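Q: Heads up: the sequence lines are chains A and B, in that order.
If you count the first sequence from 1, position 489 lands on 1454 in the working numbering, and the numbers rise without skipping.
If you count the second sequence from 1, position 619 lands on 963 in the working numbering, and the numbers rise without skipping.
Hints are computed from structural coordinates only; laboratory data are not their basis.
These numbers were taken from a predicted model, which means no experiment stands behind them.
All residues carry an ideal CB built from backbone N, CA and C; glycine is no exception.
Please note that the accuracy of each hint is not assured.
To be verified - With the Cβ distance kept under 10 Å, some of the chain B side facing chain A (calculated, not the full set):
no.	residue
1	SER388
2	TRP391
3	SER394
4	GLY501
Unchecked claim - Derived CB-CB ranges, DEER-like:
no.	chain 1	residue 1	chain 2	residue 2	range
5	B	PRO946	A	SER1417	57 to 63 Å
6	A	GLY1349	B	MET830	44 to 50 Å
7	A	THR1331	B	LYS701	53 to 59 Å
8	B	LEU974	A	ASP1412	52 to 58 Å
9	B	GLY817	A	GLU1333	47 to 53 Å
10	A	GLU1333	B	LEU824	52 to 58 Å
11	B	ILE370	A	ILE1346	43 to 49 Å
12	A	ILE1346	B	VAL360	55 to 61 Å
13	A	PRO1445	B	ALA486	41 to 47 Å
14	A	SER1430	B	ALA486	50 to 56 Å
15	A	PRO1345	B	ALA784	48 to 54 Å
16	A	ALA1020	B	ALA377	53 to 59 Å
17	A	GLY1349	B	GLY817	37 to 43 Å
18	A	ASP1412	B	LEU350	32 to 38 Å
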Amino acid sequence: MNMLQENNWLLSLGTFLPMVGVVLLMLMPKAQDKSVKLVALFTSIATLAVGIYTAFRFDFDQAEKMQFVANETWIAVIKSSYFIGVDGISLPLYLLSMVITLLVVIYSLDHVPSPGKPKAFFSLLLVLQTGMAGTFIAQDLILFFVFFELVLLPMFFMIGVWGGEQRQYASIKFFLYTMFGSALMLVAFLALFFKTGAESFSIPYLIENGGSIGKNIQIWIFAGMFVGFAVKVPMFPFHTWLPDAHTQAPTQGSVILAAILLKLGTYGFVRIALPILPTAAREWAPYIGGLAVIGIIYGAIAATMQRDLKRLVAYSSVAHLGFIVLGTFALSSQAVTGAVMQMVNHGVSTGALFLLVGMIYERRHTREIAELRGLQHVAPIFAGVFTVVMLSSVGLPGLNGFVGEFLILIGSFGPARWWTVVATVGVVLAALYLLWAYQRVFHGEPDEANSSFKELTLREGLLMSVFLAIIVVSGIYPKPILDRIEPSVVALIEHVEGQTK
Amino acid sequence: MKGSELGVLSMFSSLVLSAGAGYQWIQRTNSAAEEQFVEPVIKSWSWWRSGGFDFGIGQHIDGLSVLVLIVVAFISTLVQIYSLEYLRGDRRYTHFFAALTLFSGGMLAMVLADNMMLFLLGWEIMGLCSFMLIGHWWENDANARAALKAFFTVRTGDAGLLVGIAILYFSANDWTQENLGVSGFSIRGISAWALSGEPNSTAITIAAIALFIACIGKSGQFPLHTWLPDAMAGPTPVSSLLHSSTMVVAGVYLVARLYPVFFVGLDILGSGGNLIMIIGAITIVISAALAFVQNDIKRVLAYSTVSQLGYMMLGLGAGAWLPAVFHIFTHAFFKACLFLGAGSISHSASHHSFDMKHDMGGLRKVMPITFVTWIISTLALCGVFPFSGFFSKDEIIDNVGNNGYNTFMIVGLVGAFMTAAYMTRATYLTFFGEPRGASAGENSHDSHDSHDAHATVAAHDSHDAHDSGAAHGPHESGLLITIPLMILSVLALGSGFLNATPFGENWERMKLWVEPRAVEVIDATHSGGPGESLVINLPNAEESHSKSVCGSATPADGVCFAPQLQHAKFKWSKAMMSMVIVFLGMALSWILSSRLFTKRDPRLVGLTQRVKVLGLGHKFLVNKYYLDVLYEKIIVRSIAYPIANAAYWFNQNILDGILHGFANSTRKLSGWVYQNIDQRVVDATVNNSATFTKSVGTAAQPTQSGKVSQYGALLFSAAAIGALVLVIINT
């Protein structure tokens, strides 16, 4: 595989800059809340600036190649190296993680959830950012695994310390589930390492040599990886940690969880599982597609039944991620492009939804749909923002959700016709549960408790306008993003097809 | 400046531009030779592309799109002007105009679309605007519910549209790329492909059925028509624009637009009827029957709309393409006029009530303009010569018979009889007899329960705002309302003459301008511009009237863009027969209405209570054939609820149960290990807290995180062992 090595310090800078912020925070005295916040804010702004600079320096004419590649010896004993790089698939997600973290930091400036402790809270946010960005740039399985696991702990503490009433249960469930998956994933990684001659953990190396593993063994190794990633996604039937984690997590945790963390799993499919083990991927594809479709319908049905707004959004994530997995395992370039696109879209729209639900909770101290009523009457701008975000999630043409969803549907139509037809029902149901919830919450005459609902503040409005801008612009003109993603996906699909023919 | 100016101005500009497009198109067709295919004006640009998919935005201008374009722009402009008065002082005045304009934008985009993607975009925007506008007065729960019902019902059909587009793309793309150089989304490409004899018959049939499901939802056809009458909860201008003259014809437009797909896929002109005809015919009759038992004037009109849409579908299904499309045109004018008339009554006479029985009657004297325009439009709707409906509806019925579907022709005639009868009943109740309720000057708010749901809100908002509680009697509406009514009624009277078949070829302008000519075209558009470098292969006279030239069989040379259709020869005898039927309907209904409602004839009053069979029938109709009960109570309550509950139960008990069980046994195992392997390190906490679930219940235990690391260590060692085992086994 061709790689471009210019500016190879950029990715490391972008990834580890938040850690500099963490060190600074650690050195600060506890009481200085204000400067803690400032440090966190400037760190995340600087990180995003580096990220944007990276995107500018990215050579879009060679988007299918790994760029900014650095490859240094790291743990020589196990032949693992510090090997990083980005291509058209990882760049949007890498950038998205930085955008979301910055927005969450801004939101947190005056919304540190109880029990406070801003120093610890912001430190965790920044550690989380390093873990997420690192996962998207790692080109070595061990490095990937380290970053993948690095994400786990901050999130565990975020739910466990700043979460809702049942935070203990939710955080342990989250942790156990993911650990279980990680264990199997590690088994698979080790097996992969040994079966390719114990030469290297480097992903490009494994992509080249993974095809030589016998089919039966491939299938087993793939199964291990699949469970690891599927728990993270989460796919039916490994999803039950998600609603609890989301409901109990503080708003910030939910936003990051939905926007980025879930994508680590789907990204793992695209980056690792598919190219290294194409034969096994082909074998598994129909079953995984089936699970994905079950997830779509199941998530939608479960979402319809929810009484808690946040839980509803959580289940809608299960359905949406079902679409992404369906697209990934359709193994056609449109569907996989759509899936990557949808990873970004879902991050934006569901992240924004969780933020809005968080704002509702903060104002009303409840998320029960039945308790909320007529909010559009007292907060029309809030309702308008919610409408656009919701419609993006529903997949209305002209907004970002549609582009990915339609590409997935049409790209999967050839390889998995009937699954796709069933998945289309999910599109219909998405409209039902979201609009129904919207109607119950925003329409009608507000009762006493709801009539004092505060309109969006200026800062909240500015925050949301970033989300709205991404939603509208990438919905109306998705070409720039698609043009970046596609070459990498085409290269991936060609590799898979070359290996399985 | 409250936004309405912007709306009216933009709609007016659209109208001017579409009139210009219409003028140019007429020039184009006039200059073309008799048997020449008039190439549509197509321009497209790449919007975004991915993996060989090219999603374009572009225009496809031909007779059909120009016709609908003008209708949409025209009615939109008039309705916006009307709304200036009707919604004056509304609490979401600007919001209303914004949504109305967005709707028109969506519809125009859909009409102009040169490919299915853009079509879908417009289609969905309309659905969204419909949701926003029906629920415009969402403070009232009934309105909000109606909005959701409309959106969801239509959206159910939309699944068919998505699937249909996908099937067509995959079936047609290779052929269209090779022969026409366009993608499988292109409407023109799909049309030519469908008639090329290439398509696999199963694929195109499934595609046609899938697309037709979308049309059923959007155009309120049986069995998904139930949302349309409920949609009357929206403000009257919305009912007039979206739910009678424009948006709901989108489904009909889709069938007309992709006619070759339906023509081949559903075997139109084949013997014995097809899906479109059957659905259309059922819709005509069942909705016309429902119109008899409505007291709400807008609901009468809503069912009438459903019924007329049924006529359009029947016509398309029977191969009467032009009459059906012409009916879109004429129907838009007279139905918009009727709805706006109903709005005028509620605005100025009946105190925002739409209840004909309680709040109307005898209005012909106080509202002369509304009355005259109403009568003209009613006659047009009933299809009385020489009003516009006659030239379109009678043509549909005539052509259905001419193409050999006698049963369906009879259904059409029965429908015409029913239309005449229920419209006479509505007219009688509204304009004749004695004034009742609000129309008699009773300014009571009590009767509002039976009114259309939005009346209460409207009364508080717009009404009191501009009439400031004056005890006013019924009066004629202002100019902003009556002028649109008058313009529309002139068109309801005159627009039929654009295709007046009784007067011979020279009067059939629509046939010349709108109907695509079914000839083979040796297409060379991808080398030259549209309309140029066309080599026309003139079929000889014998072939041109057989089905094989551009029917379902393969064209000998080149491609076809439209199927060969025939037109019934107009006969006065047939027209007289349907006239007699219509007059019979009117007369019978008039006699019954006057006896029942004014003279309170004891033989008729309470008949449904006395005669059991009639009572049952009446109840059946009042309950709308129990379809809503079927959907809401039976399907949703007894099927969807249990499924959803079962899914949730499965989630909480089985999946989480496994998890809890696993955690439990891990804990037991670890306990066993500690106790038996290392007796001295008996961890009291492990023994005491029996289960994982229990620990969850008691929640805050300080040692939790410590246990997590134990689990972690355990899992990691298990992973390492597992990896080793796997490797050893496989080497």
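Q: All hints, please: hold or fail.
A: So, going through the hints one by one against the coordinates:
The beta carbon of SER388 (chain B) comes no nearer than 15 Å to any beta carbon in chain A, farther than 10 Å, and the hint placing it at the interface is violated. Checking TRP391 (chain B) against chain A by beta carbon gives a least distance of about 7 Å; that is within 10 Å, so the hint holds. The restraint placing SER394 (chain B) at the interface with chain A holds, with a minimum CB-CB distance near 5 Å, inside the 10 Å limit. Look at GLY501 (chain B): its Cβ gets to within about 9 Å of chain A, closer than 10 Å, so that hint holds up.
Checked against the hint of 57 to 63 Å, the pair PRO946 (chain B) and SER1417 (chain A) passes, with Cβ atoms roughly 59 Å apart. In this structure the supplied range 44 to 50 Å is violated for GLY1349 (chain A) paired with MET830 (chain B), their Cβ-Cβ distance being about 38 Å. Between THR1331 (chain A) and LYS701 (chain B) the beta carbon distance is about 45 Å. The supplied range of 53 to 59 Å is therefore violated. Distance hint check: the CB atoms of LEU974 (chain B) and ASP1412 (chain A) are about 34 Å apart, inconsistent with the given range 52 to 58 Å.
Separation of GLY817 (chain B) from GLU1333 (chain A) is about 49 Å and conforms to the stated range, judged on CB atoms against 47 to 53 Å. Look at GLU1333 (chain A) against LEU824 (chain B): about 46 Å separates their beta carbons, and that is not inside 52 to 58 Å. Range check, ILE370 (chain B) to ILE1346 (chain A): Cβ separation about 47 Å, and the 43 to 49 Å hint holds. Range check, ILE1346 (chain A) to VAL360 (chain B): about 35 Å between beta-carbon atoms, so the 55 to 61 Å window is missed.
For PRO1445 (chain A) paired with ALA486 (chain B), a C-beta distance near 45 Å keeps the hint of 41 to 47 Å intact. Range check, SER1430 (chain A) to ALA486 (chain B): about 34 Å between beta-carbon atoms, so the 50 to 56 Å window is missed. Remark: the range hint 48 to 54 Å for PRO1345 (chain A) to ALA784 (chain B) is contradicted by a beta-carbon distance near 39 Å. Hint check: ALA1020 (chain A) to ALA377 (chain B), Cβ distance near 57 Å, so the stated range 53 to 59 Å holds.
The hinted window of 37 to 43 Å between GLY1349 (chain A) and GLY817 (chain B) holds, with their beta carbons roughly 41 Å apart. Taking the beta carbon of each, ASP1412 (chain A) and LEU350 (chain B) are about 35 Å apart, inside 32 to 38 Å as hinted.
Checked against the numbered hints given earlier, this structure breaks hints 1, 6, 7, 8, 10, 12, 14, 15; the rest are met.
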